[in-house]
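Peer 1: Sequence:
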Amino acid sequence: MDAGTTLAPESHLVSRIGWLRAAVLGANEGIVSTASLIVGVAAAATSSSEVLVAGVAALTAGIGALVGTAV
342 MDAGTTLAPE
352 SHLVSRIGWL
362 RAAVLGANEG
372 IVSTASLIVG
382 VAAAATSSSE
392 VLVAGVAALT
402 AGIGALVGTA
412 V
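By our numbering, the letter at position 70 of the sequence shown is numbered 411, and the numbering carries on one by one without gaps.
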């Protein structure tokens, strides 16, 4: 390229994509924490109903946290 040549300005959308990154990382954190809680309860519990109750409680708490941050 010659020294006198100028480039056209580029428009990048990186500054507006932060919400997508936050959503993906937040969803990943929710999946991992819920799965680890269910695995931990399954290792300690004797019945499947206890595992089910723990899973529903974890999902309910995750939804509650999501709604609490959106307000």
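Quick caveat, the hints were computed from the structure, so don't treat them as lab data.
Where a beta carbon is used, it is the ideal one built from N, C-alpha and C, also for glycine.
The reader is advised that the hints may include incorrect statements.
With beta-carbon atoms standing in for the labels, derived distance ranges [to be verified]:
no.	residue 1	residue 2	range
1	A398	I358	30 to 38 Å
2	G359	S388	14 to 22 Å
3	R362	T387	19 to 27 Å
4	A398	A368	29 to 37 Å
5	A349	G381	50 to 58 Å
6	G409	A385	26 to 34 Å
7	G405	R357	22 to 30 Å
8	E351	A385	50 to 58 Å
Peer 1: Which hints from the list above does the structure break, by number from lowest to highest?
Peer 2: 2, 3, 4
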